[in-house]
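Number of protein chains: 2
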Amino acid sequence: MPLSYVGKACALLERYNVEDYDLVRIITTKGELVGRIIPRPSIFDDEHIIVKLPNGYNIGINIARIVEIRVLEKAYQREETIPEVKFREDLPYVPLVVTGGTISSRVDYRTGAVRAYERPEELLDLIPELADIANIKYKPIFAEFSENLTPNHWRKMAEKTSEELNSGARGVVIAHGTDTMHYSAAALSFMLVNLRKPVALVGSQRSIDRPSTDAVLNLIAAVKVAAQSDIGEVVITMHGSPSDEFAWVLRGVKARKMHTSRRDAFIPVNSPPIARVTRDKIEIISDYRKAEENSKVEFDGRIDDRVFLLYTWPGMSPDIIESIRSLGYRGLVIAGTGLGHTPSCIIPSIERLVKDGIPVVITSQTLFGRVNLRVYETGRLLLKAGVIPGEDMLPEVALVKLMFVLGHCDEMNCIKEMMLKNMAGEISSSISMRDFPPCWVMR
Amino acid sequence: MPLSYVGKACALLERYNVEDYDLVRIITTKGELVGRIIPRPSIFDDEHIIVKLPNGYNIGINIARIVEIRVLEKAYQREETIPEVKFREDLPYVPLVVTGGTISSRVDYRTGAVRAYERPEELLDLIPELADIANIKYKPIFAEFSENLTPNHWRKMAEKTSEELNSGARGVVIAHGTDTMHYSAAALSFMLVNLRKPVALVGSQRSIDRPSTDAVLNLIAAVKVAAQSDIGEVVITMHGSPSDEFAWVLRGVKARKMHTSRRDAFIPVNSPPIARVTRDKIEIISDYRKAEENSKVEFDGRIDDRVFLLYTWPGMSPDIIESIRSLGYRGLVIAGTGLGHTPSCIIPSIERLVKDGIPVVITSQTLFGRVNLRVYETGRLLLKAGVIPGEDMLPEVALVKLMFVLGHCDEMNCIKEMMLKNMAGEISSSISMRDFPPCWVMR
Chain A
1 MPLSYVGKAC
11 ALLERYNVED
21 YDLVRIITTK
31 GELVGRIIPR
41 PSIFDDEHII
51 VKLPNGYNIG
61 INIARIVEIR
71 VLEKAYQREE
81 TIPEVKFRED
91 LPYVPLVVTG
101 GTISSRVDYR
111 TGAVRAYERP
121 EELLDLIPEL
131 ADIANIKYKP
141 IFAEFSENLT
151 PNHWRKMAEK
161 TSEELNSGAR
171 GVVIAHGTDT
181 MHYSAAALSF
191 MLVNLRKPVA
201 LVGSQRSIDR
211 PSTDAVLNLI
221 AAVKVAAQSD
231 IGEVVITMHG
241 SPSDEFAWVL
251 RGVKARKMHT
261 SRRDAFIPVN
271 SPPIARVTRD
281 KIEIISDYRK
291 AEENSKVEFD
301 GRIDDRVFLL
311 YTWPGMSPDI
321 IESIRSLGYR
331 GLVIAGTGLG
341 HTPSCIIPSI
351 ERLVKDGIPV
361 VITSQTLFGR
371 VNLRVYETGR
381 LLLKAGVIPG
391 EDMLPEVALV
401 KLMFVLGHCD
411 EMNCIKEMML
421 KNMAGEISSS
431 ISMRDFPPCW
441 VMR
Chain B
1 MPLSYVGKAC
11 ALLERYNVED
21 YDLVRIITTK
31 GELVGRIIPR
41 PSIFDDEHII
51 VKLPNGYNIG
61 INIARIVEIR
71 VLEKAYQREE
81 TIPEVKFRED
91 LPYVPLVVTG
101 GTISSRVDYR
111 TGAVRAYERP
121 EELLDLIPEL
131 ADIANIKYKP
141 IFAEFSENLT
151 PNHWRKMAEK
161 TSEELNSGAR
171 GVVIAHGTDT
181 MHYSAAALSF
191 MLVNLRKPVA
201 LVGSQRSIDR
211 PSTDAVLNLI
221 AAVKVAAQSD
231 IGEVVITMHG
241 SPSDEFAWVL
251 RGVKARKMHT
261 SRRDAFIPVN
271 SPPIARVTRD
281 KIEIISDYRK
291 AEENSKVEFD
301 GRIDDRVFLL
311 YTWPGMSPDI
321 IESIRSLGYR
331 GLVIAGTGLG
341 HTPSCIIPSI
351 ERLVKDGIPV
361 VITSQTLFGR
371 VNLRVYETGR
381 LLLKAGVIPG
391 EDMLPEVALV
401 KLMFVLGHCD
411 EMNCIKEMML
421 KNMAGEISSS
431 ISMRDFPPCW
441 VMR
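Note that the protein sequences, when read in sequence, are chains A and B. Sequential numbering from 1 applies to the first sequence in my numbering. Sequential numbering from 1 applies to the second sequence in my numbering.
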């Protein structure tokens with residue numbers, strides 16, 4: 001019995017003995033097609049059914065147009081007869097490290113909530129074309145929505161990734177929740193020292209069993225990057241447009257989730273995308289660190305998470321800065337306004353922090369652009385107080401980097417030197433906004 | 001003597017006895033032009049001079065092309081003979097309330113720093129076309145760069161604006177630093193109750209004495225909105241593109257500074273621009289609250305600034321939430337991740353805050369989109385803990401609104417009701433991303 005359809009659509013599917021995920025041939029008034037029936041939330045109407053075509057796209061069909069449905073393969077039989085995917089000598093090995101998130105979840109259509117997959121391999125079953133790109137092995141390491149990840153999870157991800165890369169993987173794909181994917185991508189960028197192979201983080205804004213899922217294209221793009229590209233960096237591969245046209249390959253330290261729900265929620269910040277991936281090919285857009293075939297990566301998990309991230313606001317009190325000290329934090333990243341300013345009234349507290357050996361890094365809550373503390377009086381006062389300018393780093397990236405740096409340094413000069421050094425592309429030598437403008441322009 | 005030019009350009013200007021701001025006729029190998037000499041930072045080359053043309057545009061001229069320069073009017077004489085601008089019966093009265101910021105500053109070319117104007121009326125002298133749009137009076141109320149503004153400054157701005165509007169002003173223009181302009185715009189939107197006249201905040205990313213200034217177009221746009229439009233809201237009028245093509249008219253509660261230095265740094269968030277203004281006209285783009293000619297605005301400055309803004313991060317500790325309580329804050333706005341999530345480990349602390357009568361509002365650090373706490377488990381737990389969903393409000397707008405609400409309510413139900421009620425366009429009834437996509441697309 002169809003689990004998800006209601007009303008007239010349910011009645012039609014029942015008449016032909018069709019269940020969710022069955023492979024069917026549908027004869028309509030406009031022609032025939034073959035595909036799998038995809039479940040549909042009952043909040044939608046009862047006049048359409050959704051079919052996943054062999055090319056991976058989902059289409060909706062109005063039941064008024066349906067003449068007949070023939071079941072070609074039952075879903076439950078498919079499960080029993082599913083063949084073990086054979087190792088193909090002509091394809092590289094790419095592990096799919098699964099950490100949780102929407103991409104490894106499905107919608108509970110009774111409640112509308114999203115829950116973790118009971119049978120996570122289904123992710124691969126649903127995208128058969130992946131087997132033609134790489135020999136994929138499914139490597140779940142934990143199952144968390146990404147808002148609950150911690151630096152310990154970053155360590156596990158980085159360690160697993162380095163193990164795989166150093167034992168035969170051409171590249172690694174990490175399935176990850178989208179909420180904090182850009183934090184994890186930054187952490188991996190710092191923890192995977194001397195990385196010269198592709199590591200692609202991938203997620204989805206809508207789960208794979210939804211008609212509007214972005215998981216299919218994103219996963220294909222990520223596996224392609226890991227199996228075929230010569231990118232030797234940590235990247236994020238997510239939808240680049242609202243349609244299923246292409247996915248961006250974004251530098252892990254230069255991207256951010258910028259929308260609660262859009263499929264193209266991740267955008268590049270202060271650095272062009274490295275590439276775009278369509279179903280056919282990888283198109284390179286800008287410079288990147290090249291992969292090296294026999295390279296070994298070094299896992300460095302030394303990180304101190306006692307860093308505080310503070311977005312300033314007008315009229316804020318310096319009391320919070322004093323609390324940061326008393327709570328035992330070892331570092332502070334400030335997302336100031338404009339070119340990197342804070343209210344003047346908190347500068348004395350900042351100065352005392354620095355004098356006590358607690359580094360303070362200044363970034364901007366505008367997110368785009370580069371801080372410059374030499375233009376206005378407030379900036380000069382901050383420099384005099386001993387802050388470290390975060391250059392064009394995102395506040396979140398500066399946060400992760402300061403955690404990493406504090407895992408390696410105690411002394412202020414060493415901290416400052418490491419913070420100002422470009423380690424993984426997080427500081428651009430120059431941002432050419434003319435060459436690559438984020439498109440602010442509305443239609 | 002020219003103050004700002006060096007080398008060959010300096011020698012040429014000295015030969016013709018030209019000083020900064022002199023009105024000159026320049027004969028070049030390509031023809032003649034008339035304009036004022038604009039100072040130039042010495043970091044640039046010595047082969048060009050910059051001239052402000054009568055239409056307000058600045059152009060650079062290669063000195064190799066200059067045949068002769070004739071001084072038509074000395075700058076210092078101009079100051080002495082400056083005529084009192086006559087009141088024109090055919091034009092409306094628009095006060096220019098000046099609060100500080102780059103738009104009321106100039107570059108100190110010796111140090112490269114930006115300093116406040118010594119003679120602020122110069123702003124109007126430099127843009128003569130303003131006198132053809134409105135009868136403008138210069139009303140300085142304080143001189144602060146906007147990172148140093150506080151809710152007290154918001155009150156002064158709102159009070160002055162309401163006084164002017166209730167005593168004959170058709171609309172009000174507020175010259176303001178850009179760093180926190182969107183916070184002030186939100187505050188004015190809430191404090192100016194029953195506003196039915198245009199109030200335009202305007203600033204500039206580069207001061208008016210720079211060749212690349214955005215102040216001219218922005219000011220013209222703001223004065224046009226105040227003098228000619230029937231928009232009855234608080235808006236931000238800033239460059240809409242990197243060129244001098246047009247300025248956006250953005251709803252004050254639906255805009256944000258998104259770049260440290262670009263001239264088109266302000267972009268609309270979760271709501272289309274109200275209009276765009278070119279030198280010729282105001283083109284309406286979307287719905288707005290209409291102005292009403294004989295309306296009176298009510299100033300309501302009741303606001304409690306003891307609200308904390310917290311951007312969450314992976315692995316953060318709940319200790320900071322406990323500090324917020326002990327420091328005496330009365331409210332907390334959280335910028336969570338994705339649809340409005342926080343690390344699960346801080347939810348018990350949030351629940352205790354709410355139980356103690358401290359409201360907690362959830363927004364998203366993605367900035368774009370709407371929070372939805374019903375999709376994932378974390379969101380449901382937050383709702384159960386008693387948080388108030390911030391809908392599609394920016395974190396900064398939710399912060400200002402909670403300050404305003406706490407100036408009016410003590411009781412949690414009242415606070416919740418006011419926070420969830422759309423007061424000034426800060427909560428959209430629905431965001432049609434299809435109809436108005438923020439353009440994430442890179443070329």
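If you are wondering where the hints come from, they were derived from the structure by calculation, not from laboratory data. Beta carbons: idealized from backbone N, C-alpha and C, even for Gly. Errors might be hidden in some of the hints.
Computed beta-carbon distance windows for the label pairs [stated by the list, open to error]: (1) Pro242(A) with Glu292(B): 36 to 46 Å; (2) Lys30(A) with Pro348(B): 31 to 41 Å; (3) Pro348(A) with Asn422(B): 32 to 42 Å.
Hint by hint, here is what the structure shows:
1. Pro242(A) with Glu292(B): 36 to 46 Å: This hint holds: roughly 39 Å between Cβ atoms.
2. Lys30(A) with Pro348(B): 31 to 41 Å: violated (57 Å)
3. Pro348(A) with Asn422(B): 32 to 42 Å: holds (40 Å)
Violated hint: 2 only; the structure is consistent with all others.
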